[in-house]
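Novice: Starting from the known structure of chain U, fit chain W onto it as the hints suggest.
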Amino acid sequence: GNSVTQMEGPVTLSEEAFLTINCTYTATGYPSLFWYVQYPGEGLQLLLKATKADDKGSNKGFEATYRKETTSFHLEKGSVQVSDSAVYFCALSEGQAGTALIFGKGTTLSVSS
Amino acid sequence: EAGVAQSPRYKIIEKRQSVAFWCNPISGHATLYWYQQILGQGPKLLIQFQNNGVVDDSQLPKDRFSAERLKGVDSTLKIQPAKLEDSAVYLCASSLASGGGQPQHFGDGTRLSIL
Chain U
31 GNSVTQMEGP
41 VTLSEEAFLT
51 INCTYTATGY
61 PSLFWYVQYP
71 GEGLQLLLKA
81 TKADDKGSNK
91 GFEATYRKET
101 TSFHLEKGSV
111 QVSDSAVYFC
121 ALSEGQAGTA
131 LIFGKGTTLS
141 VSS
Chain W
34 EAGVAQSPRY
44 KIIEKRQSVA
54 FWCNPISGHA
64 TLYWYQQILG
74 QGPKLLIQFQ
84 NNGVVDDSQL
94 PKDRFSAERL
104 KGVDSTLKIQ
114 PAKLEDSAVY
124 LCASSLASGG
134 GQPQHFGDGT
144 RLSIL
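Those protein sequences? They're chains U and W, same order as listed.
When we follow this note's numbering, the leftmost residue of the first sequence carries the number 31, and every step to the right adds one.
When we follow this note's numbering, the leftmost residue of the second sequence carries the number 34, and every step to the right adds one.
Don't take each hint at face value.
Stated by the list, open to error - Computed cross-link-like contacts, DSBU-like style, restricted to lysine-lysine with a CA-CA straight-line distance of at most 35 Å: (1) U:135 x W:116; (2) W:77 x U:86; (3) U:135 x W:77; (4) U:82 x W:77.
Because the hints were derived from the structure by calculation, they are not lab data.
With the rest of the complex left out, here is chain U (with noise of 0.2 Å):
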């Protein structure tokens, strides 16, 4: 069935750091992709997107390429901030009718001054 593998957290890192996140899918068709973020004491919201292979989302610094040859979509940003704080989620869905997201497991950053 379709899945998301997400790297292990918690991601500790220092103001202006570079970040990446890990994320790969398994899905029998051709999903879109997504990251949610979760910052402390909020709801999911959504962070970026892509529908399809080659896209790039991008939001707030955060990027991340719907790589459809690596089943990829890995969050970057150049520069993170204290307030990037959260827990992110990669999640995909399948297009069709009826298939709701399926999420990762949920990364934790943490980022200190």
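Specialist: For chain W alone, coordinates are given in the frame of chain U:
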């Protein structure tokens, strides 16, 4: 635009008791989802509604969980009787349609603790 509203935020009950959660989606959103998020894991779909019809409830433990979406707007999720393993955050989400590229908008969730 108002977001997805859920209540209560927290609930503590003893095992074998019953509990209900309520969700009000974003106005105009036809598709509504209930997810269960166990500590340390990603959310897992329990049930998906399109308007007031069930689209996918294949992962809903139907012997104890039930959900309804009357009139295609608000929804309630019920657990009866609760088990220790039901301790989790229950998330409601909504989207304009059920197409794969549609972003889902999440509520803040209800944190359920079973004693």
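Novice: Compare the structure with each hint and give your call.
Specialist: Hint by hint, here is what the structure shows:
For the hint pairing residue 135 (chain U) with residue 116 (chain W), the CA-to-CA distance comes to about 23 Å; that is within 35 Å, so the pair holds. Simply put, residue 77 (chain W) and residue 86 (chain U) have alpha-carbon atoms about 26 Å apart, close enough for the 35 Å limit, and the pair holds. For the suggested pair residue 135 (chain U) and residue 77 (chain W), the alpha carbons sit about 10 Å apart, so the restraint of at most 35 Å is met. Taken as a hint, the residue 82 (chain U) and residue 77 (chain W) pair is honoured in the structure, with Cα atoms around 23 Å apart against an allowance of 35 Å.
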